[in-house]
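For reference, the chains in residue letters:
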Amino acid sequence: MNDLLTLPWLEISILLPLVGALCTACVRGAIAASRWCLTFAGATLVCTLLMGLAAANGVSPTGDSPYSLSHQLLGSALFEIDDLSTPLLPLVALLHFLTVLATARTKMARVSFSGMLISESIRLALFASKSPWLLIVFLALNTVPAYIELVKRRRPTRVYVLHMALFLVLLISGWACASSGESALVDLAALLLLAAILVRSGTVPVHLWVPDLIENCSFGTALLFVTPITGVYAAVRLVLPFVPDWALQSISLFSLITAVYAAGMSVVQRDARRFFAYAFLSHASLILVGLELHTAISLTGALCLWISVALSVTGLGITLRAVEARFGRISLDRYHGLYDDSPALAVCFLLTGLGSVGFPGTLGFVAAELLVDGVINVNPYIGIVIALAAALNGIAIVRVFFLIFTGTRRVSAISLGITSRERFAVLTLAALILGGGLSPQFGVNSRHRAAESVLHHTGSDGLPHDPHETPTQTE
Amino acid sequence: MPDLETTFYILGLIVVIAPVLLMSILGITSLVDRKLSEAATGRWCKCTSAIGFTAAASILVLMLAYDTRHVVIDLGNWVHIDESATEHEHYHFVFKFVFDRLSVPFLLLSYVLCGTIAAFAVKYMHRERGYNRFFTLYSIFVVGMVVASLAGTIETLFTGWELVGLSSALLVAFFHERPAPVRNGLRVWVVYRISDASLLIAAVVMHHLHGEGDFGRLLGTDPAHPWPEGHATASGGNALAVGLLLIFAAAGKSALVPFSGWLPRAMEGPTPSSAIFYGALSVHLGAYLLLRVSPLLEAVPILAIVVIALGLTTAAFAYLIGSVQTDIKSALTFASLAQVGIIVTEIGVGAFIPFVWYVALVHLLGHACLRTLQFVRAPSLLQDYKTLENAIGGRLPQHAGRSMRLLPESLRTWMYRFALERGYLDAFLNEYIVGPFVALFHKLDELERRWTARLAGSDRNTANPDVEQST
Chain A
1 MNDLLTLPWL
11 EISILLPLVG
21 ALCTACVRGA
31 IAASRWCLTF
41 AGATLVCTLL
51 MGLAAANGVS
61 PTGDSPYSLS
71 HQLLGSALFE
81 IDDLSTPLLP
91 LVALLHFLTV
101 LATARTKMAR
111 VSFSGMLISE
121 SIRLALFASK
131 SPWLLIVFLA
141 LNTVPAYIEL
151 VKRRRPTRVY
161 VLHMALFLVL
171 LISGWACASS
181 GESALVDLAA
191 LLLLAAILVR
201 SGTVPVHLWV
211 PDLIENCSFG
221 TALLFVTPIT
231 GVYAAVRLVL
241 PFVPDWALQS
251 ISLFSLITAV
261 YAAGMSVVQR
271 DARRFFAYAF
281 LSHASLILVG
291 LELHTAISLT
301 GALCLWISVA
311 LSVTGLGITL
321 RAVEARFGRI
331 SLDRYHGLYD
341 DSPALAVCFL
351 LTGLGSVGFP
361 GTLGFVAAEL
371 LVDGVINVNP
381 YIGIVIALAA
391 ALNGIAIVRV
401 FFLIFTGTRR
411 VSAISLGITS
421 RERFAVLTLA
431 ALILGGGLSP
441 QFGVNSRHRA
451 AESVLHHTGS
461 DGLPHDPHET
471 PTQTE
Chain B
1 MPDLETTFYI
11 LGLIVVIAPV
21 LLMSILGITS
31 LVDRKLSEAA
41 TGRWCKCTSA
51 IGFTAAASIL
61 VLMLAYDTRH
71 VVIDLGNWVH
81 IDESATEHEH
91 YHFVFKFVFD
101 RLSVPFLLLS
111 YVLCGTIAAF
121 AVKYMHRERG
131 YNRFFTLYSI
141 FVVGMVVASL
151 AGTIETLFTG
161 WELVGLSSAL
171 LVAFFHERPA
181 PVRNGLRVWV
191 VYRISDASLL
201 IAAVVMHHLH
211 GEGDFGRLLG
221 TDPAHPWPEG
231 HATASGGNAL
241 AVGLLLIFAA
251 AGKSALVPFS
261 GWLPRAMEGP
271 TPSSAIFYGA
281 LSVHLGAYLL
291 LRVSPLLEAV
301 PILAIVVIAL
311 GLTTAAFAYL
321 IGSVQTDIKS
331 ALTFASLAQV
341 GIIVTEIGVG
351 AFIPFVWYVA
361 LVHLLGHACL
371 RTLQFVRAPS
381 LLQDYKTLEN
391 AIGGRLPQHA
401 GRSMRLLPES
411 LRTWMYRFAL
421 ERGYLDAFLN
431 EYIVGPFVAL
441 FHKLDELERR
451 WTARLAGSDR
461 NTANPDVEQS
471 T
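Just so you know, the sequences run in chain order A and B. FYI, my numbering numbers position 55 of the first sequence as 55, with every residue one higher than the one before it. FYI, my numbering numbers position 396 of the second sequence as 396, with every residue one higher than the one before it.
Next up, chain B with everything else stripped away, as it sits in the complex (with noise of 0.2 Å):
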């Protein structure tokens, strides 16, 4: 009989492992040309899942039986580099996962809405020139969330960080013969990266202040004081830098403010992804973030002013978006938004009230369940919303919120402008970033041909840099 360190270290191998298999299982098959077949698939994903579930379930069971919060899967040194020669300089990279009050109640969310979803997306998929490409995104992802969730280190949480968004952005792509999908998808890719950069660079500097970059040690957590517990160990402007980072990334991933025009654009993937992502669990990762690092918000009070003012800003926005969209996703998409503001707002407040941490996290597994199941009824609402307009022959009757009629006309039509184009924020990211941006290395790039051509000693025309030939 396995002593319970085993029990729970086993448990833990089983549920990140299970993912992992489905991911390759089909990852290699699509490699190698042998797909699976849709029944295959379906099973698959099912069975992983199951098995998944079960174990997280279970460790769940096990640490309420034996009071344990903190549960530690410690895999070891990934990479490391003692050196022998200089003897300050060493390097350790640690996969490590951790079973606490906040990683276990959002890992169980993470399994049963994504087994949900595949039992779901294998009916509505059915025949989709792209199942199997959905269901290997799919598996990505779910591994994605499984790491993310349990991470106990900066670079376990940036590595299932990164598959979320590499299957987010392809999923978003994946109906790729109109280029609508394919734009946004480059576009939700594009603020992945930069948040993602941002999370590297607070990665880095774990690594300069502590050697490592294990979250135990810059929250102050351990089996002693397990989440929200912690006291963090770094203060100042160290703990501030790293505070900040880490904002700018779950601001970039939860679709806060500036970064909310990504949000609608994801809904051009389909709806089960939609679902799990946008409405669900991708949307709150970022969110889940700032739970995980909530010490540090105590620690510095400034991060969580910052983090308070961001949901806010949040949430008003999504507001206010969200009440002039038209199309069911849209406005699904915004409803989202504005409720992830309020998450992360209580997250702030939490700092000076920690207790709110909790209604926090319960706020944000309420919150993906009901928004997971409105995507998914939300196609066949509107099929009800016909019917029913149907048999009534004409438009069902909506009516304006009388609060707005409170309003000058003026303000109620810039406010309605504003709403219609999304707070500008797209527009002003296109005008003063991408714009110059895509601009100055246009204009580089003509330099560049025009001085290769002279160099060249040729007349080739530089306006048009079309391909002149094949090889």
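In isolation and in its complexed conformation, chain A is listed as follows (with noise of 0.2 Å):
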């Protein structure tokens, strides 16, 4: 078994969707491209399983095998793992296979699943860089999979273009002036990539890109753009390290105000998936502030929040998805009436969006509470705010749970119930969530190490830093 697990499951993982695309993209069919595609993403998360059992079990799974791949080329591992990015590999991988696994026959001539490959080892690749230039060139890549979907699809990208064109400049020119060494420029930088990581998260006001790309992009590849939330990751790697504390509170002053902006324009959305655009906003904001109050608590609840929003939101997208495979794109300003066709989707609507809120029994309500009991020992102002966006989304969950589920029954002559597929993929999310919310220590622990690990780095451990320390001194 150990023989096994020294085998180099990191670069296995990120390379293998990259051949899985070359193989998708020579077979004819979709159909039969969705097979391919659907295979290796499952090869794929069990690669990256692997990979968390070998980091599990004490063994390096990033170089020091002798088939490492980088190792032999260029002398050292080009990925690495550590505490924060172990679950995120199979987490990524388990959206990516459970996002394909749950894609409509009727959409998949639209669907570019060599595309989905590619995008998802770029993923696999970025959450698996600690380099900071690395993270940067992945960073980059991620945004061209969306884009190039928009321009298939003839839809409009400039939205998109332009706020991925600033995020990418605005990284790039502060990573340059926080590296340059130059004391006099890390106030500089600390403002460059703090408004890069506010580009990237969707924070108010530069988060039209979010509800735009959902909008026009297909709701599979805008889902697994977004649902990761790759900006987290960017600002714990390039921002927390480093940055002054004026710059770690006012990303936590936009992301409160995110948090209940959206939530709040997702109460009135009458567009489902501009809804759903708004609530997955408002969730992933309120990762931020934790992020950014630097006690191991708020961290924690923070890297907790992290992995509940990724499956309860995928699981609500997944959801979404199937509704609108039957009945094309629900517009909120009527009821539906779906719930005698697809009473197995209402459920899983309801659950997936109550877990995304944090109900009782739900992984979000361990990591709510853990995030707002280390919030208010920093002030607790943050703590009532926080509570009041999680009314609000939700009274936006079930406000279109009931709009979309409800009203004068629809007659249908065909069955238009869940398939094995969609029950198969919102089911294992559903019961990660629940499984997640009612044995919850294990993941806390997980998270907490994590937390640890990240506040360590910064230098810190929870305690106030040098906020002229440079990057460079910092490594």
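Read the hints as simulated data drawn from the structure, not as lab findings. Beta carbons are placed, not taken as given, at the ideal position from N, Cα and C, and that holds for glycine. It cannot be assumed that every hint is accurate.
Cβ-Cβ distance ranges computed for the label pairs, FRET-style [what the hints assert, rightly or not]:
1) F428(B) - S183(A): 35 to 43 Å
2) A413(A) - A316(B): 53 to 61 Å
3) E177(B) - I414(A): 15 to 23 Å
Covered by chain A, according to a simulated footprint, are these stretches of chain B (three or more residues, beta-carbon under 8 Å) [as the list claims (entries may be wrong)]:
4) 154–164
5) 171–183
Both chains are sitting in their own frames, so use the hints and assemble them into the complex.
Dropping the structure here:
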């Protein structure tokens, strides 16, 4: 078993989807392509799980193996994982696998399965990158597949391109300033990096690209682009280690405003996709709030919330996507009465939606409790605002549930119930959300170790640090 | 032979696990599309209710036999973080159930009423399309009630509180083919979410003060000082803040003024759920919370005065509104609310005369039983009235109260309109809170759409946000 674990699972996990993309591109027919894609996505998920197992057993899954490609070519490991990223890679692989699995047969012809696998590879590489410049490269590459799809679909790209270009310019210039070692440039670097993270995370007022992308891109691609919440990863790796307290407080303030604003917007939306976009923005912003408060408890809460939001919002998105596959785009200005056609979809919508707002018994509940508890030690008013945002998000979820699934019953000539693939996908996510909620200690321990590791690398251990310390000095 | 402590522990677990088992069975079979038959659902409901009730009654008998007034079933740390690097930081999330003179009667009441209503609903809901859905939501409600009744920490209470809220809102919208029940279900959910947010903030403040949300630590209750003999450990501004947040949460849950508007709306649900939710258990949950934190009211007299004022206002309001109701469910609703107002007043008075807390508890138990009976009897009572009126060949005579005749005509008219509009409470909330909120965010949404369209360089019609095409 140990021999098996010494294989370079991290590199295999990143390369396998690329191989899969090549194979899938050569296959004719959408159904055959989806099968190939599913096989490779499943194999990648298994590889990432083995990588996690290897890490848990103290075996380095990065570059110690004689079969490691980067070790042989570069003499050192290109990709690395730590306490923070170890569970994120299986999470990303799982989200891709389930999204592919739940793709409706009627939509397969429009989906680029090879593109999906390439995106998966980029995202896995992104979450396995600790070196700043390598991370920046993958953050840049990660923006490309969604752009290609927008172009292919002949949808407007300018909003997305403008925001992503701004993000990359700010990020690259910010890190260039930060890595110059000039103490005079530290504040400027912090400002640029802060702005980059705000743009990428869709923080108000630079959030317009999120609803625009979700409205114009295919739901699957948009879902996979936003739900791993790469902006938070960038923040942890690039911003948290060195930026001064004022920058952290600014991110926290903007994120809080976004959480409430987006929650309010999700309550009044008249289109299901825009509702999803704002609900996602509100939840994702709360992660940043905890991230920037620099205490172990709040950081643990934020990291738990990250996992919870990724799982539950993806589940919610997959459910909405399944509804759309049957009934077309859903407007929220009338009752659709879809419950009797798809009762299981209704239950899954409610389950994943409530999981995302931290309903008791779900993983999000513990995460939100931890976050608020950590936050209130720093500033009690932040805790109140978070509770308000959670209340609004809960209202929005149930309102949309009622609008989609209640109302005059539709009479359909054919069965529109949930398929076994969709049921498996959503129930897997629901099981993880509920399982993580009913037995949260394991997950919390893992995230707490990651939080301590992050704080340790900031050199602060939760205490105020020297804002003029440059990243080069930190390293 | 297990010792007394182990016996209590096992019985306590059975009390909690029985409804959880029912919820799991009904929930999982629904999720995997293997729904139980009506007969099997009925059997599971009756069986788990009987098991839970028997275990709860056994605990009561043992407590009386061994003169134990405070039994704690501690399930340990559900989540805990002990900070190694920074010693001052730690986090504990404890699941603890407390059996005492307050929780045991309320628990037994919950089991008796839920069991009775389950037996009633098995027949009442026969061949109803949403039979399985009704009982799944019912099981969630029972879990919520049991957990909230026995909660020894505010997190445990919050868990039960939320389950009760969700099941209530979804059952109000049970007949979801009509828009009215759905709209009313959403209204109930909105009020519940706002009051839940208050409870969550209270939980957070308690954590901030004590490092955990244990009621025992906040209220000074323990085996030596069982409810209501505890003395609150918090005082001053902190106690006032926690107390006000809890009163706000209780007001939302028990439909006290100004949240009373949701209660008549909740009557859109099936009669069995109306009976136990809004006539008996759910509507008393706020009063129960106030009883639970009664030592806090004693420690901070301002809180007691607020509670008395809230209770009296609600009672007077509900009496007035109830006087003009023309349908039986609404009349019963406001009668119920008037009694809840009086119970809340008694709880406030108990802060000065502690014996009154027992009066409030007995009042609550008696009122819940009576009101459940009235709600369940209501449909057949209407039938009886109809038979009677057919027999006499006309309407039954109705007399206005004499006291009303003493008032001037203009005042009577004003009061009649006030009562008919249910105190303008819903109109006030719609006009000054909901309306501006929705208008503001619609405006912002429109601005965002315009700005996005400008950035995209397109001439999309921003006024019509309807979907352009499907994917």
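Practice item. Confirm or reject the claim that A413(A) and A316(B) have a C-beta distance inside 53 to 61 Å. Key: Holds: the Cβ-Cβ distance is about 57 Å, inside 53 to 61 Å.
Practice item. Given the range 15 to 23 Å, decide if the beta-carbon distance of E177(B) to I414(A) lies inside it. Key: Between E177(B) and I414(A), where Cβ atoms are some 21 Å apart, the hint holds.
Point to revise | Cβ contact check, 8 Å cutoff: the stretch 154–164 of chain B against chain A, three residues minimum | key: Satisfied; 5 residues make the cut.
Point to revise | Coverage of the stretch 171–183 of chain B by chain A, judged on three or more residues with CB within 8 Å | key: holds (count 5)
**Study point:** Status of the given 35 to 43 Å range, CB of S183(A) versus CB of F428(B)
**Key:** Given range 35 to 43 Å: violated, Cβ gap about 58 Å.
Hint 1 alone, counting from the list given before, is not met by this structure.
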